Amino acid sequence: MNGIRRAATYTALALFAMVLSVAPAQKSQYAGTNLNFIVVSDQFSAALEALAPVFQEQTGINLRVTVLGYGELYQRAIADFIGHTAQADLYSTDIVWSCQFAENGYLTDLASLIKRDEAELDLDDIPTVMWTTGSCGEQQIAFPLVGYAGVLAYNKAAFDAAGIAVPKTMTELATAAQALTKDGKAGIVMNGQRGTPAAQDWMFYMLMNGGSILGPDGKPALNSPINVETLELYADLFKYAPDGAVSYAWGERVTSFSEGSSMMMVDWSAGLDYLREGAVPVSGSAAITTTPVREGLDPVYPFGGWGVGINADSPSQGAAWEFIKWLSSPEVQKQYVELGGKPIRHSTLTDPDLVAKYPFLSTILEVVEHGDGDFRPRITQYSQIEDAVGLAVNLVITGQESAQAALDAAQATVAPLFQ
Amino acid sequence: MISSRTTDLASPRGNAPERRRRFRLGGRTGLAFWVAPALLLVGVFAIYPVAYSIYISFFKYKLTDPTKSQTFVGFGNYLSALADPSFVVAVRNSLAFVVGAVGVELLFGLALAVLLNRELPGMALVRSILIAPLTLTPLVVALVWGALYNADFGPVSYYLKQLGFQLGRGPVGEPSLALASLVVIDVWQWTPLMALLLFTGLRSQPPELHDAAQIDGASHWQRFLHVSLPLLKPTILVALVIRTMDALKLFDSVFAITGGGPGRATEVVNYYIFKVGLTYFDIGYAAAMSNLLLIIIVVLSALYLRVLRTPGGAS
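Protein chains in written order, with the working numbering: chain A, 26 to 444; chain B, 43 to 357.
Keep in mind that a hint or two might mislead.
[Stated by the list, open to error] Mimicking EDC-like on lysine to aspartate or glutamate, the simulated pairs with C-alpha atoms at most 20 Å apart in a straight line are:
id	chain 1	residue 1	chain 2	residue 2
1	A	Lys52	A	Glu97
2	B	Lys104	A	Asp208
3	B	Lys203	A	Asp268
4	B	Lys110	A	Asp150
5	B	Lys104	A	Asp105
6	B	Lys110	A	Asp378
7	B	Lys203	A	Glu356
8	B	Lys104	A	Asp242
9	A	Lys244	A	Glu128
10	A	Lys350	A	Glu128
11	A	Lys350	A	Asp149
12	B	Lys110	A	Asp338
13	A	Lys210	A	Glu197
14	A	Lys244	B	Asp107
15	B	Lys275	B	Glu250
Since the hints were derived computationally from the structure, they do not count as laboratory data. This one's a predicted model, so the numbers in the text were calculated from it and none came from an experiment.
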């Protein structure tokens with residue numbers, strides 16, 4: 026992470042010099058305003074830290090980026106909103122928090138500002154699914170900050186050596202996992218740790234297999250036949266996973282793949298360090314593609330990410346909105362990607378220079394065009410649903426309960442939340 | 043004495059230097075002045091939070107509820123907790139953890155304390171080394187042990203497998219091993235504290251009693267059993283209460299390593315309260331469970347007092 030930060034800083038300095046040489050010194054009407062932006066610790070946070078001085082130089086608005094861990098950010102944000110202490114003007118908001126934050130009025134509804142500055146924002150250039158990072162009904166409480174695609178990462182060399190094709194369907198995925206499990210290597214690796222790691226990972230497979238958390242009536246349908254079948258399939262895949270995968274979270278999962286111990290994993294396009302030349306042992310052999318789907322289904326891919334919202338209590342609404350517009354502008358988006366951020370614009374995803382440098386952008390574009398940002402429901406009860414699913418998945422993969430019994434219990438836990 | 047000083051202070055006849063001197067010496071006003079900061083601190087940081095926690099536990103109060111309503115539910119949250127399978131399992135796991143961790147720490151700590159009490163060469167160095175685990179942050183310890191336990195690339199798992207132990211999914215991946223694995227971490231970090239506390243207890247014992255027992259022909263073991271151990275009871279009591287309270291509040295290793303799994307194998311009370319309070323923000327319910335935890339701690343402490351109280355009330 027320090028290496029990434031250092032690289033990001035050097036790149037930012039270079040870009041900074043470039044920007045200074047071409048950009049006219051046009052200060053904002055909000056020059057001198059202080060903005061505090063609390064961001065989750067992620068790949069893109071280093072990019073934001075690096076871009077802060079560039080924004081400051083161009084607009085005269087002072088931007089301080091504070092990086093916090095996921096849980097800490099959530100707790101700090103809620104405490105700030107409830108206490109109306111305005112500790113931060115801007116918050117990075119997880120896609121699954123959208124409706125919780127919207128219903129409570131924690132963040133400013135940006136819909137009218139977006140409409141007002143429609144032309145300037147070039148809205149047609151932002152794919153529809155990106156808006157799910159901050160939308161709830163008619164409200165848009167956060168502007169897209171980073172879009173993550175759920176992708177299948179695989180070890181190309183292992184597939185070539187085994188003479189098998191990259192899986193496109195769930196059946197092919199299971200077959201490939203079995204075929205690649207040999208010589209002390211695991212065919213696939215998943216998150217098994219109880220809680221968010223297991224829940225989120227299983228939800229990828231649920232979407233891939235055609236399942237959903239909510240039924241057509243908007244009520245939970247955790248124990249639907251397709252979800253039970255997916256959980257059985259998911260548990261079966263653990264036969265081809267490393268022994269310790271039942272305790273794995275994201276870090277261990279990526280390590281197992283990056284070290285060449287496991288041949289496949291379904292992952293967010295957040296880090297993708299394993300695609301960087303020389304970064305990890307598997308560099309050069311690793312590749313990504315779209316996630317497999319159940320036979321006969323139209324391709325729908327997992328989509329997630331973060332938005333940037335303005336604290337409703339912030340006294341610096343105008344300056345905060347100016348920052349959002351600046352960050353989402355096509356020119357800055359290109360710099361943002363160079364620094365480790367992930368794009369929100371179609372033009373950035375298809376930029377010839379960037380695509381030449383980061384060929385994986387074409388996969389992300391495909392996911393974005395067929396992405397589902399609601400496979401993890403963006404509702405107030407999400408954290409409790411996630412916890413119940415995380416327990417059910419863990420109970421099944423550790424052989425303590427059947428998929429049907431575990432999901433029945435999870436359904437019984439969350440159903441009262443919707444009454 | 044105090045009242046007479048207070049009267050003097052209140053008297054307009056006393057001269058100023060005299061009043062200042064008596065104030066310093068600790069008249070009632072003076073005592074109140076010195077005690078006030080401590081009382082204020084205890085009030086603000088102990089009494090008020092506990093009182094507020096008790097108050098809020100009688101309400102259905104969710105911080106993230108858009109209606110921001112607080113509905114009085116009486117003992118509803120307490121009854122819900124007692125009927126909540128997750129809370130019941132968490133209490134059971136916490137108690138099992140306390141018995142395992144504190145029990146082993148007491149035995150190992152006592153053995154270490156006896157060893158430290160002997161004037162063997164290098165004991166000063168051993169005592170210094172023993173302090174090392176105590177200086178580490180529990181979360182850091184948990185992260186390190188999490189890596190050590192990793193079933194696929196952790197050295198603990200590797201060597202145990204080499205020795206022929208069938209670990210399956212690893213020490214923290216098997217429901218039957220997970221809680222015991224967390225006990226090992228706790229024992230590693232906190233046995234030295236137990237040892238040092240008991241060592242100071244042994245050191246403070248009057249040597250005359252041991253000399254007398256020795257003259258009477260008592261063996262080493264008999265002197266330990268009938269002289270050292272009874273005299274050590276007050277220290278054991280303090281050590282047990284401190285460690286029990288701490289072990290009941292286990293959080294870091296569950297948070298960093300297991301997330302409460304596999305299944306519910308390592309879900310403990312403190313972690314469950316954290317989840318309900320700071321993930322679901324169901325503050326009223328979390329407060330009720332916190333108060334139940336407080337009651338468990340008080341009951342256990344009273345139990346220790348009862349069991350270890352020396353006849354005559356010496357403890």
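In rising order, the numbers of the hints this structure does not comply with: Hints 1, 2, 4, 6, 7, 8, 10 contradicted; others consistent.
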